Amino acid sequence: MTPFAYERATDASSAVARVAAHPNAVFLGGGTNLVDHMKLGIAHPQLLVDVTRLPFSKIESLPDGGIRVGAGVRNSDLAADRTVRERYPVLSQALLGGASGQLRNLATTAGNLLQRTRCAYFQDVTVPCNKRTPGSGCSAIDGHNRDHAILGASDQCVAVHPSDMAVALAALDATVVVLGRQGERRISAVDFHRLPGDAAQRDSMLEHGELIVAVELPALPVAAHSVYYKVRDRASYAFALVSVAAALEVRSGRVHDVRIAFGGVAHKPWRARRAEAALRGAPATEEVYGRAADAELADAKVLKHNAFKIPLARNTLRMVLRQLAQGGR
Amino acid sequence: MQMIEPRAMGTPLQRIDGAAKIMGTAPYAFEHRLERPTYLHPVQSTIARGRILKIDTRAAESLEGVIAVITHETAARLASDENKELWVLQSAKVHFRGQFIAAVIAQTPESARAGADRIAVEYEAARHDVSFSGGRKDLYAPKTVNAGYPTDTNQGDAETAFERAEVKVDSTYTTPMEHNSPMEPHTTIAIWESPKLTLYDSTQSVHSVRTTVAKSLGLKVDQVRVVSPYVGGGFGSKGEPHAHNILAALAALRVPGRPVKFALTRQQMFCLAGYRTPTIQRFRLGATRDGRLTSIIHDVVELTSRFKEFAEQTAVPTRLMYASPNRRTRHRLAALDLPKPSWMRAPGETPGMFAGEVAMDELAVACGLDPVELRVRNEPERNPESDNPWGNRHLLECLREGARRFAWSERDPRPRQRSDRGWLIGSGVASSTYPRYVLLGSRATIRCGERGQYTVRIGAADLGTGTWTTLTQIAADALQCPVEAVHLEIGDTEQPNATVAGGSSGISSWGWAIVAAAQELRRLHGARPAAGAEASAQTPKGADDETFAQHSFGAQFAEVRVNTLTGEVRLSRMLGVFSAGRIINPRLARSQLIGGMTMGLSMALHEESVVDERFGHVINHDFAGYHIAANADVTDMDAVWLDEVDDRSTPMGSRGIGEIGIVGAAAAIANAVYHATGTRIRNLPITPDKLVT
Numbered sequence: 001m002t003p004f005a006y007e008r009a010t011d012a013s014s015a016v017a018r019v020a021a022h023p024n025a026v027f028l029g030g031g032t033n034l035v036d037h038m039k040l041g042i043a044h045p046q047l048l049v050d051v052t053r054l055p056f057s058k059i060e061s062l063p064d065g066g067i068r069v070g071a072g073v074r075n076s077d078l079a080a081d082r083t084v085r086e087r088y089p090v091l092s093q094a095l096l097g098g099a100s101g102q103l104r105n106l107a108t109t110a111g112n113l114l115q116r117t118r119c120a121y122f123q124d125v126t127v128p129c130n131k132r133t134p135g136s137g138c139s140a141i142d143g144h145n146r147d148h149a150i151l152g153a154s155d156q157c158v159a160v161h162p163s164d165m166a167v168a169l170a171a172l173d174a175t176v177v178v179l180g181r182q183g184e185r186r187i188s189a190v191d192f193h194r195l196p197g198d199a200a201q202r203d204s205m206l207e208h209g210e211l212i213v214a215v216e217l218p219a220l221p222v223a224a225h226s227v228y229y230k231v232r233d234r235a236s237y238a239f240a241l242v243s244v245a246a247a248l249e250v251r252s253g254r255v256h257d258v259r260i261a262f263g264g265v266a267h268k269p270w271r272a273r274r275a276e277a278a279l280r281g282a283p284a285t286e287e288v289y290g291r292a293a294d295a296e297l298a299d300a301k302v303l304k305h306n307a308f309k310i311p312l313a314r315n316t317l318r319m320v321l322r323q324l325a326q327g328g329r
Numbered sequence: 001m002q003m004i005e006p007r008a009m010g011t012p013l014q015r016i017d018g019a020a021k022i023m024g025t026a027p028y029a030f031e032h033r034l035e036r037p038t039y040l041h042p043v044q045s046t047i048a049r050g051r052i053l054k055i056d057t058r059a060a061e062s063l064e065g066v067i068a069v070i071t072h073e074t075a076a077r078l079a080s081d082e083n084k085e086l087w088v089l090q091s092a093k094v095h096f097r098g099q100f101i102a103a104v105i106a107q108t109p110e111s112a113r114a115g116a117d118r119i120a121v122e123y124e125a126a127r128h129d130v131s132f133s134g135g136r137k138d139l140y141a142p143k144t145v146n147a148g149y150p151t152d153t154n155q156g157d158a159e160t161a162f163e164r165a166e167v168k169v170d171s172t173y174t175t176p177m178e179h180n181s182p183m184e185p186h187t188t189i190a191i192w193e194s195p196k197l198t199l200y201d202s203t204q205s206v207h208s209v210r211t212t213v214a215k216s217l218g219l220k221v222d223q224v225r226v227v228s229p230y231v232g233g234g235f236g237s238k239g240e241p242h243a244h245n246i247l248a249a250l251a252a253l254r255v256p257g258r259p260v261k262f263a264l265t266r267q268q269m270f271c272l273a274g275y276r277t278p279t280i281q282r283f284r285l286g287a288t289r290d291g292r293l294t295s296i297i298h299d300v301v302e303l304t305s306r307f308k309e310f311a312e313q314t315a316v317p318t319r320l321m322y323a324s325p326n327r328r329t330r331h332r333l334a335a336l337d338l339p340k341p342s343w344m345r346a347p348g349e350t351p352g353m354f355a356g357e358v359a360m361d362e363l364a365v366a367c368g369l370d371p372v373e374l375r376v377r378n379e380p381e382r383n384p385e386s387d388n389p390w391g392n393r394h395l396l397e398c399l400r401e402g403a404r405r406f407a408w409s410e411r412d413p414r415p416r417q418r419s420d421r422g423w424l425i426g427s428g429v430a431s432s433t434y435p436r437y438v439l440l441g442s443r444a445t446i447r448c449g450e451r452g453q454y455t456v457r458i459g460a461a462d463l464g465t466g467t468w469t470t471l472t473q474i475a476a477d478a479l480q481c482p483v484e485a486v487h488l489e490i491g492d493t494e495q496p497n498a499t500v501a502g503g504s505s506g507i508s509s510w511g512w513a514i515v516a517a518a519q520e521l522r523r524l525h526g527a528r529p530a531a532g533a534e535a536s537a538q539t540p541k542g543a544d545d546e547t548f549a550q551h552s553f554g555a556q557f558a559e560v561r562v563n564t565l566t567g568e569v570r571l572s573r574m575l576g577v578f579s580a581g582r583i584i585n586p587r588l589a590r591s592q593l594i595g596g597m598t599m600g601l602s603m604a605l606h607e608e609s610v611v612d613e614r615f616g617h618v619i620n621h622d623f624a625g626y627h628i629a630a631n632a633d634v635t636d637m638d639a640v641w642l643d644e645v646d647d648r649s650t651p652m653g654s655r656g657i658g659e660i661g662i663v664g665a666a667a668a669i670a671n672a673v674y675h676a677t678g679t680r681i682r683n684l685p686i687t688p689d690k691l692v693t
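These protein sequence lines map, in sequence, to chains A and B.
Counted the way the numbering used here counts, the first sequence spans residues 1 to 329.
Counted the way the numbering used here counts, the second sequence spans residues 1 to 693.
Treat the hints as calculated values from the structure; they're not laboratory data.
This one's a predicted model, so the numbers in the text were calculated from it and none came from an experiment.
The beta carbon of each residue, even a glycine, is placed where N, CA and C say it ideally should be.
Some hints could be false.
[Stated by the list, open to error] Computed list of lysine-lysine pairs in DSS-like fashion (alpha-carbon distance at most 30 Å, straight line):
id, chain 1, residue 1, chain 2, residue 2
1, B, Lys308, B, Lys84
2, B, Lys54, B, Lys93
3, B, Lys215, A, Lys39
4, B, Lys196, B, Lys215
5, B, Lys215, A, Lys301
6, B, Lys54, A, Lys39
7, B, Lys21, A, Lys39
8, B, Lys215, B, Lys84
9, B, Lys84, B, Lys168
10, B, Lys308, B, Lys93
11, B, Lys54, B, Lys308
12, B, Lys168, B, Lys93
13, B, Lys137, A, Lys304
14, B, Lys137, B, Lys308
15, A, Lys304, B, Lys84
16, B, Lys308, B, Lys220
17, B, Lys93, B, Lys137
18, B, Lys21, B, Lys143
[To be verified] Simulated restraints, written as ranges between beta carbons of each label pair:
id, chain 1, residue 1, chain 2, residue 2, range
19, B, Arg51, A, Ser188, 38 to 44 Å
20, A, Gly101, B, Thr211, 42 to 48 Å
21, A, Thr133, B, Glu494, 32 to 38 Å
[Said to hold, decoys possible] What the simulated footprint calls covered on chain B by chain A, stretch by stretch (three residues with Cβ under 8 Å from a Cβ of chain A suffice, anywhere in the stretch; the number is not a length):
id, stretch
22, 107 to 116
23, 609 to 616
24, 621 to 627
Construct the complete structure from the given sequences, taking the supplied hints into account.
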């Protein structure tokens with residue numbers, strides 16, 4: 001652990017200015033991932049700017065019918081919010097599928113988005129990892145890669161994004177509101193995280209010094225009929241092998257509207273646009289669900305230990321769509 | 001044997017230490033409040049084999065808060081290299097990745113850790129080999145396996161009988177490397193106040209830590225004191241001292257008079273505190289068409305560290321479980337550049353009975369027999385190996401009682417017949433067994449106080465299992481007094497010698513010493529001894545130890561649900577029925593047995609340490625990567641026992657229960673998964689990737 005300075009931010013713009021001016025400064029939210037990284041030697045910030053006292057802890061209704069979730073809203077509170085549970089159940093279920101009760105009490109909305117991969121090689125500073133030390137190599141590609149990506153990976157990195165919440169946000173067409181030195185900008189949740197390419201060290205589109213201030217959800221009628229299903233090695237407190245966030249509306253036996261994202265398959269929450277396209281307007285049948293899954297997974301590439309993720313993703317999507325079409329959760 | 005009258009024994013007395021634990025006032029090793037503590041953080045090798053060429057400690061030494069750095073060049077010399085695991089910082093040699101190669105002593109834990117990060121090491125790496133497989137050419141037969149059992153046994157002509165058998169099962173089962181992972185990490189506070197060394201330790205045996213550490217450091221035994229009143233789990237990994245004890249002691253020598261506090265991190269526990277070897281087990285069963293065994297062949301391959309041998313006794317339960325005129329068992333080892341494997345809850349029985357009890361299930365299917373009935377047909381009248389009569393074998397009663405309670409007779413034997421909303425449902429059964437061990441060497445002292453009070457002293461351990469409470473109950477009955485009149489003292493080498501809390505032998509061995517001391521007190525001082533009267537006695541040898549085969553038995557029944565699309569397995573119901581002699585405290589016993597069954601569930605579905613062969617260490621070395629069953633995995637689980645008093649085992653009528661709960665549990669679950677799905681998974685753990693199609 002490297003000694004560091006700690007400051008408590010009193011307003012957002014000065015927090016941004018402070019971090020932006022210091023190349024080794026970071027924002028501190030719930031600290032459930034960052035502090036681990038400091039202990040493990042993965043992160044060596046010299047300055048922590050604590051943003052948990054900033055006024056970002058509210059969930060508000062927007063004039064267009066959507067909601068705005070403050071960056072500092074704790075995962076437990078967001079999952080329990082009545083509006084979220086009624087209108088965006090997929091989000092509430094995704095949050096409750098993540099971590100443990102204790103961690104959810106501490107973890108924030110922004111921090112959840114910014115948590116980093118749990119790839120075992122990323123977390124072990126004694127082995128090479130391009131995400132941790134660019135150019136050092138990827139230990140997972142030829143290593144133990146059961147948990148790793150089947151979509152969108154590169155020869156630099158095959159890690160997956162660990163967040164459940166972010167998968168739901170990608171399916172819901174959410175927007176991440178970011179404050180930088182030039183003011184606010186808005187990034188769609190789908191584009192917020194990036195694929196590894198040749199810069200595996202970068203998880204998201206956020207620039208140094210930029211602070212997430214809120215996440216906005218659009219008024220999305222189909223979202224009221226949504227579900228999150230997470231397949232994992234034990235019944236709680238495990239990262240997804242594969243997860244599916246889906247919203248579906250069927251009218252007269254045909255898919256009227258649909259939103260799908262996968263977790264556990266890529267470096268980012270994987271919005272399944274090909275599957276959505278295959279479904280939209282098509283009959284709501286098992287065969288169509290299977291074809292939609294196949295369309296999305298056509299480009300999947302497997303590693304030595306993760307080939308099971310293709311049938312698992314396919315089956316889980318079919319199961320979720322069937323459940324939604326039948327009207328149950 | 002003179003049995004003691006049960007008054008306190010058999011009652012569900014609440015934990016004597018319960019309130020202190022809930023209030024946080026029961027001190028675990030790291031929590032002892034000591035003046036002017038220092039903190040230790042180790043440096044670990046990042047190669048798996050080779051030698052250290054150079055260690056540069058200057059950057060660490062110049063860091064604020066760092067008091068000293070010790071390396072193999074600067075640490076005090078140890079006196080004995082008999083136990084190579086404890087030959088810490090004595091040479092430049094590296095035997096495994098993660099080995100201690102230096103340590104930083106500092107004013108705070110943070111500065112110790114920061115110091116350790118700044119130590120630069122140059123190695124000469126040699127090619128390491130951590131590749132575990134049954135096809136290795138260099139597999140060898142150890143002289144004996146753990147607990148002194150023969151490596152191989154051979155009765156009749158097992159190969160020929162198998163070839164000629166009407167029905168055959170020939171399957172290979174694998175269990176992965178598993179780590180004990182107690183909640184409390186391995187922790188030592190060491191203080192050197194010449195000529196005395198004191199260790200506050202988290203251990204299953206204060207006295208064995210004392211003798212081992214004294215020998216290692218070249219001290220007299222009475223120069224070392226070890227204190228360990230409360231322990232947050234061990235599961236065998238604290239059954240013997242490990243390298244961290246020695247490292248803390250070496251550090252203490254460097255800062256005389258100041259306590260050195262040292263707790264392993266979770267990651268460090270994956271290379272420095274023992275583990276269960278992975279196993280590859282080929283099991284062959286030959287039987288008549290009506291399910292009578294004619295041949296049993298159990299061939300085990302497992303691993304040991306190259307620098308020190310540990311050979312798990314995986315095939316040992318196969319030698320006694322079922323009758324067969326022909327039987328062969330064999331253990332072979334691969335010696336690898338890995339840390340030393342060690343004891344983990346029921347070493348031998350746990351992996352061995354997974355393979356054996358799944359093989360029996362396969363045989364039941366092959367014979368078209370109910371698996372309970374198959375076991376009934378192969379019940380041996382005497383111990384098949386020694387030919388001794390059974391001391392108290394009640395396996396069939398356990399199976400029958402379990403079958404009754406679990407409504408086994410309603411089960412459709414065909415696989416893949418029941419489902420509920422996309423989840424297949426199945427049930428399975430397996431037997432359990434564990435030897436009755438009483439270890440010799442424990443001594444208890446009883447001293448009469450005022451008003452009929454007694455002080456009972458023995459250097460025993462409570463791993464969280466309830467020793468404080470159960471020994472008090474035993475002492476009360478031995479002394480024929482109320483439990484309130486007993487003042488128990490355990491967990492300190494100031495108290496008389498006690499053997500290890502291991503092999504489910506603790507309560508049997510220590511309790512018997514207390515009973516013997518109570519009898520000695522009456523012999524010396526009569527029925528109403530005066531205040532100040534004192535007596536002491538050792539655990540005696542049991543009269544039936546050589547003439548009777550003494551083992552505990554049990555039956556485990558499991559019901560699982562398997563998602564047809566995702567391959568997720570969830571345990572929906574589990575029952576264990578055990579025969580373990582008298583149960584001293586039903587409240588604590590139930591907790592112990594359910595704990596064992598939960599660990600078996602964890603073994604069946606979750607636990608697996610993955611060694612990356614390129615680097616040589618366990619790569620999933622934390623609780624995000626190494627899964628242990630969590631609350632949501634444990635649903636309707638119950639443990640019951642036969643009402644039984646074993647008058648050959650101990651004067652309390654009891655046998656141990658620390659381990660039997662895990663034995664057979666994984667097999668029952670694996671058999672249930674087969675029954676649910678029709679797919680036989682022979683490689684643990686049973687994770688979704690093995691079932692999804």
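Okay, the hints, checked on the actual structure:
1. With a CA separation close to 6 Å, the supplied pair Lys308 of chain B and Lys84 of chain B stays within the 30 Å bound.
2. For the given pair, Lys54 of chain B sits about 12 Å from Lys93 of chain B by alpha-carbon distance, which is consistent with the 30 Å threshold.
3. Proposed proximity of Lys215 of chain B and Lys39 of chain A is contradicted: the alpha carbons are some 35 Å apart, above 30 Å.
4. Taking the CA atoms of Lys196 of chain B and Lys215 of chain B, the gap is about 14 Å. The hint holds against a cut of 30 Å.
5. Proximity of Lys215 of chain B to Lys301 of chain A is assessed by CA-CA distance (about 57 Å); at most 30 Å being required, the pair is judged violated.
6. A C-alpha spacing of about 26 Å is found between Lys54 of chain B and Lys39 of chain A, which places the hinted pair at or below 30 Å, so the restraint holds.
7. Straight-line distance between C-alpha atoms of Lys21 of chain B and Lys39 of chain A comes to about 28 Å, which keeps the hinted pair within the 30 Å bound.
8. A distance of roughly 13 Å separates the Cα atoms of Lys215 of chain B and Lys84 of chain B; the hinted pair therefore holds under the 30 Å criterion.
9. The suggested pairing of Lys84 of chain B with Lys168 of chain B is violated, with an alpha-carbon distance near 44 Å, which exceeds 30 Å.
10. At most 30 Å may separate the alpha-carbon atoms for a hinted pair to count; Lys308 of chain B and Lys93 of chain B meet this at roughly 14 Å.
11. Taking the CA atoms of Lys54 of chain B and Lys308 of chain B, the gap is about 25 Å. The hint holds against a cut of 30 Å.
12. Between the alpha carbons of Lys168 of chain B and Lys93 of chain B the distance comes to roughly 49 Å, so the proposed pair goes past 30 Å and is violated.
13. Only pairs whose Cα atoms come within 30 Å are accepted, and Lys137 of chain B paired with Lys304 of chain A is accepted, the gap being roughly 26 Å.
14. Among the hinted pairs, Lys137 of chain B with Lys308 of chain B is consistent with the structure: their alpha-carbon atoms are about 20 Å apart, no more than 30 Å.
15. Our distance criterion of 30 Å between C-alpha atoms is broken by Lys304 of chain A and Lys84 of chain B, whose separation comes to about 37 Å.
16. With a C-alpha separation of about 25 Å, the suggested pairing of Lys308 of chain B with Lys220 of chain B holds against the 30 Å cut-off.
17. Simply put, Lys93 of chain B and Lys137 of chain B have alpha-carbon atoms about 26 Å apart, close enough for the 30 Å limit, and the pair holds.
18. A hinted pair counts as satisfied when its Cα atoms are at most 30 Å apart, and Lys21 of chain B with Lys143 of chain B does not qualify at roughly 44 Å.
19. Taking the beta carbon of each, Arg51 of chain B and Ser188 of chain A are about 55 Å apart, not inside 38 to 44 Å as hinted.
20. Range check, Gly101 of chain A to Thr211 of chain B: Cβ separation about 44 Å, and the 42 to 48 Å hint holds.
21. The given range of 32 to 38 Å is broken by Thr133 of chain A and Glu494 of chain B, whose C-beta atoms sit roughly 51 Å from each other.
22. Given as covered by chain A, the stretch 107 to 116 of chain B passes the check, having 3 residues with a CB less than 8 Å from a CB of that chain where 3 are the minimum.
23. Interface restraint, the stretch 609 to 616 of chain B with chain A: holds (4 residues with C-beta to C-beta distance below 8 Å; minimum three).
24. Three residues within the 8 Å Cβ limit are the bar, and the stretch 621 to 627 of chain B against chain A gives 5, so the coverage statement holds.
When each numbered hint is compared with the structure, violations occur for hints 3, 5, 9, 12, 15, 18, 19, 21.
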